[in-house]
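Same order as they appear, the protein sequences are chains A and B. Anchor point for the first sequence: position 288 equals 288 in the working numbering, and the numbering is continuous, going up by one each time. Anchor point for the second sequence: position 97 equals 97 in the working numbering, and the numbering is continuous, going up by one each time.
Quick caveat, the hints were computed from the structure, so don't treat them as lab data. This structure is a prediction, so every number in the text was calculated from the model and none was measured. Even glycine gets a Cβ: it sits at the ideal position worked out from N, Cα and C. Watch out, some of these pointers could steer you wrong.
With the C-beta cut set under 8 Å, the calculated list includes, among others, these residues of chain B facing chain A [what the hints assert, rightly or not]:
{"#": "1", "residue": "T36"}
{"#": "2", "residue": "Y40"}
{"#": "3", "residue": "A51"}
{"#": "4", "residue": "Q55"}
{"#": "5", "residue": "Y165"}
{"#": "6", "residue": "E168"}
{"#": "7", "residue": "T174"}
{"#": "8", "residue": "P190"}
{"#": "9", "residue": "K239"}
{"#": "10", "residue": "P264"}
{"#": "11", "residue": "G266"}
{"#": "12", "residue": "F268"}
{"#": "13", "residue": "P309"}
{"#": "14", "residue": "Q323"}
{"#": "15", "residue": "D326"}
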Amino acid sequence: MSKRLFTLLALLMVASLVLAACGSATPTEAPVADEPVADEPVALECSDAIGCVEVAPGDSIHLAYMLTVSGATAFLGEDSLGGIEIALSDRGQVLGHDVELTGEDSGCSSEGGQTAATAVTSDPSVVAIIGTNCSGAATAALPTISGAGLIMCSPSNTAPALTDPDGTWLPGYFRAAHNDKFQGRVAAEFVYNELGAHTAATIHDGSPYADQLQQVFATTFAELGGTVTFQGAVNVGDTDMRTILTTVAADSPDVLYFPIFEPEGNFIVAQSTEIAGLEGTTLVGADGLLSASFPGNSGENVVGVYLSGPYITGDAYDSFLTRWDEQIGGVPPSGFHAFAYDCTNMMLDAIEASAQQGADGTILIGRQALRDAMATTSGFAGLTGNLSCSEYGDCATGEALGVFEITHAELDGNWPPPVIYTP
Amino acid sequence: MQKRTPLRISWLDLFLRAFQFVTAVVILIGLYNTFTAARYTSNQWATLVFAGLAQGSIYALIALGYTLVYGILLMINFAHGEVYMAGALSTVFLANYFARSGFLAESPFIAIVLMILFSAAISTVVALLLERIAYRPLRNAPRLIPLITAIGASFALQYTFRGFYGSEFRSYPTVEALRGIWNIFGFEVPIVQPVVFLSAVVLMLALYWYVERTKAGKAMRAVSENKDVARLMGIDIDKVIVTTFALGGALAGAAGVFNGLFRPQGVFFLMGFFPGIKAFTAAVLGGIGNIPGAMFGGLLLGLIESLGPNIILEGLGIPGTNQLKDGIAFTVLVLILIFRPQGIFGERLSETKA
């Protein structure tokens with residue numbers, strides 16, 4: 001008898017869990033009984049295809065971040081997190097609700113992305129996600145995020161495949177960061193037209209970001225008329241770059257393009273002068289190395305290295321930097337904070353545009369409606385320019401890019417370095 | 001029954017012979033193609049050899065720590081990579097202080113010796129704490145338990161040091177005296193590489209002398225031979241074990257500074273992991289528990305890693321050779337273990353030790 005009762009109770013519990021999990025998705029859900037909504041003529045009803053999030057009066061709208069806030073690439077996550085926090089404190093309340101931010105560390109790896117996505121999607125109150133930093137983490141996280149009906153806006157994913165419907169794109173993905181189709185092109189045009197390079201070699205580290213970026217660079221460079229002598233790869237964690245540099249040096253290319261991260265990028269710069277045949281080779285990196293610690297860690301060879309990356313100007317950005325100094329202190333550690341700021345604001349705009357409001361202050365956010373509102377963002381005046389999101393999630397236009405040159409001043413601690421080329 | 005057993009062994013022998021033959025042919029084809037293609041100059045090869053020796057001597061110093069502890073306790077101290085990290089990461093601050101104050105430029109020799117002593121002291125303290133806290137209470141536990149403890153201790157150390165110093169990358173300063181090029185047998189080699197190699201060899205010889213010629217070394221060898229009999233002979237086992245950990249730690253700390261001179265970048269709290277694994281490989285390669293074996297294994301591994309991708313894989317036309325660098329190192333380990341399970345220098349171990 002008691003066993004049967006127990007089974008019944010267990011079944012009821014499972015059923016209630018299932019109902020709670022997809023409760024907001026069922027359009028027939030009754031209004032919450034203990035809320036004083038008797039006088040309310042129109043009860044909020046969720047008619048969204050993939051479910052809704054209800055935010056009761058006094059509750060906050062829940063945003064989550066998935067950034068790399070620990071380990072070797074923590075400077076990227078801290079940079080983005082600062083942007084989000086400033087955006088939230090600038091914004092104040094949204095539709096009469098506070099905005100609550102929680103987060104997961106996604107690291108800069110596929111495993112990290114997958115784990116963080118699982119953790120974030122287990123909380124049904126999350127409306128939208130800001131993240132991830134690394135394209136590899138996003139590629140792994142996206143199936144889970146998209147399957148849970150969430151939207152995710154990345155401040156620093158740049159891999160082209162992420163917004164390619166034939167690539168790894170899935171509904172709900174957006175990014176304010178530039179697509180590397182732009183960055184790779186800017187770098188290739190810079191070295192071919194400005195530096196007059198005719199031969200180039202590339203090195204990536206096996207990550208989707210570096211691999212796709214060097215491929216865009218190589219293709220564009222060949223289109224412009226240059227010759228790509230070698231495309232190779234190192235492993236994350238390698239310290240000995242002499243073998244690959246010796247391979248590169250066999251052709252003595254004009255340019256070595258290595259869009260990777262620290263510390264592998266430091267090793268390449270530091271060891272480049274020890275190899276015969278690289279004396280005339282100019283080193284060019286990308287935004288993964290655009291970090292205040294890069295010059296100091298690379299040593300004296302870093303003088304004369306070029307880095308492509310986000311280049312943002314304007315009064316709004318200047319006042320953002322002032323706010324950063326007041327609220328967080330110092331200067332942002334990397335170049336993606338403004339994209340994080342824009343992502344946050346675009347998402348909050350989309351929430352404002354798509355949410356249904358009840359008279360008592362309850363709001364109901366339809367997940368599909370939010371995706372649609374985000375995808376139709378156009379002419380959003382952000383720090384990084386006028387953003388308009390495409391159907392496949394690319395919101396940036398690629399205008400906010402530049403090429404930086406590392407000089408002796410950066411070695412002595414100046415940051416960011418001077419911009420010497422803009423497209 | 002008695003007829004079948006030799007037959008089975010001979011099949012296995014045949015297979016191993018064939019495998020050996022195929023491996024040798026593949027390596028020879030790779031070498032032949034590389035050298036006939038003549039893509040690299042002899043000076044470029046020389047740079048790879050000297051860099052390989054310098055890297056190998058760092059592996060060898062760390063490998064000695066694995067091998068010493070294994071010789072005495074028959075356990076793999078997987079946290080030894082972290083002992084190395086502790087010294088290397090702590091000394092980066094001292095090194096940069098010396099560089100800022102100008103002491104490093106004025107008297108580089110004294111500064112580097114001080115750095116080595118400091119790093120060795122830190123690593124020794126960490127190694128001793130590790131032994132006292134993590135291993136000693138488990139000395140009579142089944143052998144799997146200290147192994148798992150070592151892995152746990154390794155994580156604990158990594159994140160403790162992250163707590164101390166943060167997660168940023170740091171770099172050793174460049175030593176002016178070690179910049180520049182030496183001309184060795186007509187090849188241009190960065191000075192720092194032979195210097196690191198020779199200093200490491202001096203340390204290894206000192207260790208060898210200590211173990212073979214001093215009374216404490218004799219006690220170590222006795223404990224390694226048979227703990228119970230050694231105790232009956234009046235040797236303080238605990239003292240010997242502590243000495244062993246201290247020696248291993250000091251060598252790892254010195255390796256940390258050599259690494260900082262040779263490869264100044266990328267000093268951070270996870271820096272011990274890969275060198276740790278590589279040094280363990282080197283120790284197994286040379287025959288674990290054998291001191292000259294660890295030295296030789298380290299140097300061999302450094303050379304294979306440095307030369308392997310360009311000399312063998314490229315000749316075979318394999319793309320992305322440099323990503324396979326670690327692959328080569330571990331393939332060599334597998335090959336050695338297939339054909340010589342006891343390692344290059346190792347003696348056949350008795351049942352109790354193996």
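Taking the hints in turn, this is what the structure says about them:
1. T36: 15 Å, violated
2. Y40: For B/Y40, the interface hint holds, since the closest Cβ of chain A sits about 6 Å away, which is under 8 Å.
3. A51: Since chain A brings a Cβ to about 5 Å from B/A51, closer than 8 Å, the hint holds.
4. Q55: Cβ of B/Q55 sits 6 Å from chain A, so the hint holds.
5. Y165: 13 Å, violated
6. E168: At about 6 Å, which falls below the 8 Å cut-off, the nearest Cβ of chain A leaves the hint on B/E168 intact, so it holds.
7. T174: 6 Å, holds
8. P190: 5 Å, holds
9. K239: With a closest approach of 37 Å, the B/K239 hint is violated.
10. P264: 6 Å, holds
11. G266: 3 Å, holds
12. F268: This hint holds: B/F268 lies near chain A, its Cβ roughly 7 Å from the closest one there, short of 8 Å.
13. P309: Cβ of B/P309 sits 5 Å from chain A, so the hint holds.
14. Q323: Since chain A brings a Cβ to about 5 Å from B/Q323, closer than 8 Å, the hint holds.
15. D326: 7 Å, holds
Violated hints for the displayed structure, listed by number in ascending order: 1, 5 and 9.
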